[in-house]
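A.B. asks: These are the residues of each chain, in order.
Number of protein chains: 2
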Amino acid sequence: MKTILLTIGNEVLNGQVVDTNAAWLAQELLAEGLPVVEKWSVADEIPAIVEALGHCLDKGDLVITTGGLGPTQDDLTCEALAVFLKVGRVFHAPTYEGIEQLFRKLGRLPSASHLDQARLPEGAGILTNPAGTAPGMHFVHMGKHIISMPGVPFEMKAIFNTQVRKLVQQYKTGPKRFSHTFNTVGEGETLLEDLIHDITAGAPSNIRFSFLPDLYRVRIRVDLDSENPEDHAAWLDIIQQVRLKLHRYIAGENETTLELAIGNILREKGWMMGTAESCTGGMIGHMITRNAGSSEYFKGGILAYSNELKSKFLEVDPLTLEKEGAVSEATVRQMAAGALDSLDVQVAVAVTGIAGPGGGSAEKPVGTVWIGVADIHGRILSKKIQLRRDRLLNIQAASTMALILLHRFLLGE
Amino acid sequence: MKTILLTIGNEVLNGQVVDTNAAWLAQELLAEGLPVVEKWSVADEIPAIVEALGHCLDKGDLVITTGGLGPTQDDLTCEALAVFLKVGRVFHAPTYEGIEQLFRKLGRLPSASHLDQARLPEGAGILTNPAGTAPGMHFVHMGKHIISMPGVPFEMKAIFNTQVRKLVQQYKTGPKRFSHTFNTVGEGETLLEDLIHDITAGAPSNIRFSFLPDLYRVRIRVDLDSENPEDHAAWLDIIQQVRLKLHRYIAGENETTLELAIGNILREKGWMMGTAESCTGGMIGHMITRNAGSSEYFKGGILAYSNELKSKFLEVDPLTLEKEGAVSEATVRQMAAGALDSLDVQVAVAVTGIAGPGGGSAEKPVGTVWIGVADIHGRILSKKIQLRRDRLLNIQAASTMALILLHRFLLGE
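Protein chains in written order, with our numbering: chain A, 1 to 413; chain B, 1 to 413.
Hints should not be assumed to be uniformly reliable.
The list makes no distinction among identical chains, and a pair is therefore deemed to hold if it is satisfied within one copy or across any two copies.
When the alpha-carbon atoms are kept at most 25 Å apart in a straight line, the in silico DMTMM-like pairs for lysine to aspartate or glutamate are as follows [to be verified]:
{"no.": "1", "residue 1": "K86", "residue 2": "E45"}
{"no.": "2", "residue 1": "K59", "residue 2": "E79"}
{"no.": "3", "residue 1": "K86", "residue 2": "D214"}
{"no.": "4", "residue 1": "K105", "residue 2": "D214"}
{"no.": "5", "residue 1": "K364", "residue 2": "E122"}
{"no.": "6", "residue 1": "K144", "residue 2": "E51"}
{"no.": "7", "residue 1": "K105", "residue 2": "E187"}
Derived from the structure by calculation, the hints contain no laboratory data.
Here chain A stands alone, though its shape is the one from the complex:
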C-alpha cells in the first residue's frame, strides 16, 4: 500500500507554517506499517488541488490530505474533492448542528459560508471531529483510498487517533518494517559513519542505514524490510555491532532521548537536578520538563538573565561579575555551585553566554558560551563552546551541549 501525503494550504507554501502534521502523520503511519513514499504540498486553489489528487492517486494507493476544510474563504478542499470525484455536495446535518452550537455559545447565527462548510461531497464517509467543527472524510475511488482531514494539528490528531488509525490498519500490506534508532550525541555524522563503515558496507541489501543530524545530535536508524526470521537475526546482530562500536556516543536508543537518559540516571541515583540559566532563558528547563514524569528528578531552576539575579539567587560574587564578566569560567562555576546550594539539589547545570545578535566583543564574540556542572560530591566541570549561528540556534545548541555535558558528568566521564 503506497501512501502519499498531500498538504493543502498557501500557509505551508509561503512558509508561514512549518508542516509538522506531515511529520507526525508519517511517524504514525510508519508505526502502522504504512511507510509514506512521497509528500506533496499545493496551494489553496481548486485546479491545483484537483491536479494533485490525480497525480497522487496515480502513484499511490492511499492519499491522506490535510488542510483546507475550515470555515473561511481560503478553505477549498471540499469543493476540490467534489470536482475531482465528479460528485455533487450534500448537506450533512450533524456537521451543521456542530457549527450552529458553536455560534449559539457566541450568541450569534451562522452565515451562509458556514452552511457551505456542512455541504460535503456525496459518498463521503464521515470522520467525526472531536476537537472542532470540520469533520474528516474518507472516500474509495477506483479501488484506492482518500482520507481528508483538517489542517489544525490537534483536530487532525484527534481524528487520526479516534478513527483513521483503525481505518488504515485494514489497508496494510507488504512486509512489516522493523526499525531501530541510536540517539548519539556530541559527534558529527562524518565521524560516526566512518566508525561503522565496515558494518554498513557489509550489511545485506534489505538493511538500510539513515543518519539524521541535528544540533550536536545524530540519530542513526537501522531499518529492516523483511519478516524472514533469518533476516531478522542478521538485523539484530548488526544492531549489536553498531551498539558496541558507537557505545561512547550513544545517549539512548529508540524512544530514549538524551533528556530521558539523563532522567533515568537521576532516578537510579535518587538525585534531583536543578538549572541556572542565563542566555538559554528557560530552554534547558523546557527540554527537561516537556517529558512526562520529569518532576521525579527536576526540582526547578533560576533564570538569572540579569547580573543582579545571578548574585541574589546563585551566590555569584559581584566582584567576579565586575572583573571577569557575566560570560566567564569563574561566573559559570559559581552559578553551578550556587544553584546546587540554593536549589538544594544533588546536581546542577549552569549556562551563561552571548546568544546574539548583539552583545559581542572582540574578546568575547557572539556565540561565546560557558557551561558548568556541579554535584554534591564537590565535583565541578566547566567548558567553553564557541557557536556561530543565529540567536535561536545558539540558544538551542547551548542548551543541548549543556545537557550533553550533564549526561557525561553523571556517567562519571
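Use these hints to put chain B onto chain A, whose structure you have.
C.D. replies: The following block gives chain B in isolation, referenced to the frame of chain A:
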C-alpha cells in the same frame, strides 16, 4: 518564475525530521518575489529523485532541492542529478580539500566514500558551503534552473544567504506580491472570519485573505498580487478596515508577534518583567528570550517546579499549598506577587497547572492551569483555563495564554 521545492530524504518521509527547511526557504523566496507553487518530498532513492526532478522541472522554472548531499551512504542526490542531467561526475579539488582538512583535525584519513562526495556532476556551478563540507550546486537545464543544497539547516541557510539569494534575485519575474499580516490572539478563526466577513466578501479578486490558526493565535494575512497603484491603494484601505474591526484582538502586525508587542509596551513604560513558572517549566522564559533585545525588559524568573521552591523563592505560604494545593487560585496569586517582590520587577506572570499525562484528579483534571499577573501598583489578576491536549501542547498553550493575559493586563484591560 514558478518555483518548486524538492526535499530529498527518508527522514522527512518517515517523520523523524520536521521539514523546517521548506518553510524557511519559502519565506525567503517569497520575500524575494518568488512564491513557491508546490512542494515535494521524496525518498533517498535514485529512481525516485530522478523522477521527481523530471516532474518538478516540467511544472516549474526553478527547482530547489535540499538534502542528500552528505557523506553517508544514504546521500544520493549527486548521483541522481548526474543521472537526470545525463552527465558524468568530475572530481572537485576544493571540496575534497575541505573534507581532508576536517579529517586531519580528527587525526584520520578520508575513506573512498568521502572521495566520492567530491565527485560532482559535470557542469555544476559550485555554491561554497561556509558551514560544512558538502557544497551546494546550481545547474541550467533546457532554460530552467536547478539549485541543490545540503539538508542540514544551518548549512543550507549559510549557502542561501551568501550565494543563492543573489542568484534567485536575477530570476524574479511577474508582479511583486504585497503581504500584510495581523497577529491576533485569544479568539478562533471562525469568529474572526465572521467579524470581517463583509470586508473579505467585498474585496477585489486580486486581494486574498488567509487565516493561519495556532494555539490561541490566528495570523490573518492579506495579500495583493498586483503592482498597479490603484490596486495598492484599495489593498491599504482594506488593511485599515480589518485593523479597525479586529482592533481588540490584534497583538501586533507583520513581524510584531505577541512577545514583541509585550516587549514594546514594557520598554515604553520602562518596566522589567519576571516569571514564576511551574508546569510550563521554562517555556515562557524561552518564548520571551528567544527575541533579540529581550534583556532590556526581561530580568529573569524562577522555575518553581517543586513546592519547596515555590515557598523558598516565591513566598508561597506552605499552608496554602497544603490546603488549596499547588494548582489553585490562591497559590498562583501568591506566586505572582512573590515573583514581583523577590525578582524586584514591575510586573510578573505566574503559571501553575497539570500538564499531564499524569497528576490529574476528578476535581483538578489534567489540563487545569491557573495563571496570575501582578504589578507594582498592586493590581493582580488570576484566571483558570482548562486544556485538553497532550503534555507538550498543554505546556505551549498555557505559556501562550499566560502571555496573552500579561499583554491585556499591560494594556490596562
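A.B. asks: Now, for every hint given, state plainly whether the structure supports it.
C.D. replies: For each hint, the structure was consulted:
no.: 1; hint: K86 to E45; in the structure: within (17 Å within a copy, 35 Å between copies)
no.: 2; hint: K59 to E79; in the structure: both (23 Å within a copy, 23 Å between copies)
no.: 3; hint: K86 to D214; in the structure: neither (45 Å within a copy, 33 Å between copies)
no.: 4; hint: K105 to D214; in the structure: between (45 Å within a copy, 21 Å between copies)
no.: 5; hint: K364 to E122; in the structure: neither (66 Å within a copy, 43 Å between copies)
no.: 6; hint: K144 to E51; in the structure: both (16 Å within a copy, 22 Å between copies)
no.: 7; hint: K105 to E187; in the structure: between (55 Å within a copy, 13 Å between copies)
Against the hints set out earlier in the document, violations occur for numbers 3 and 5.
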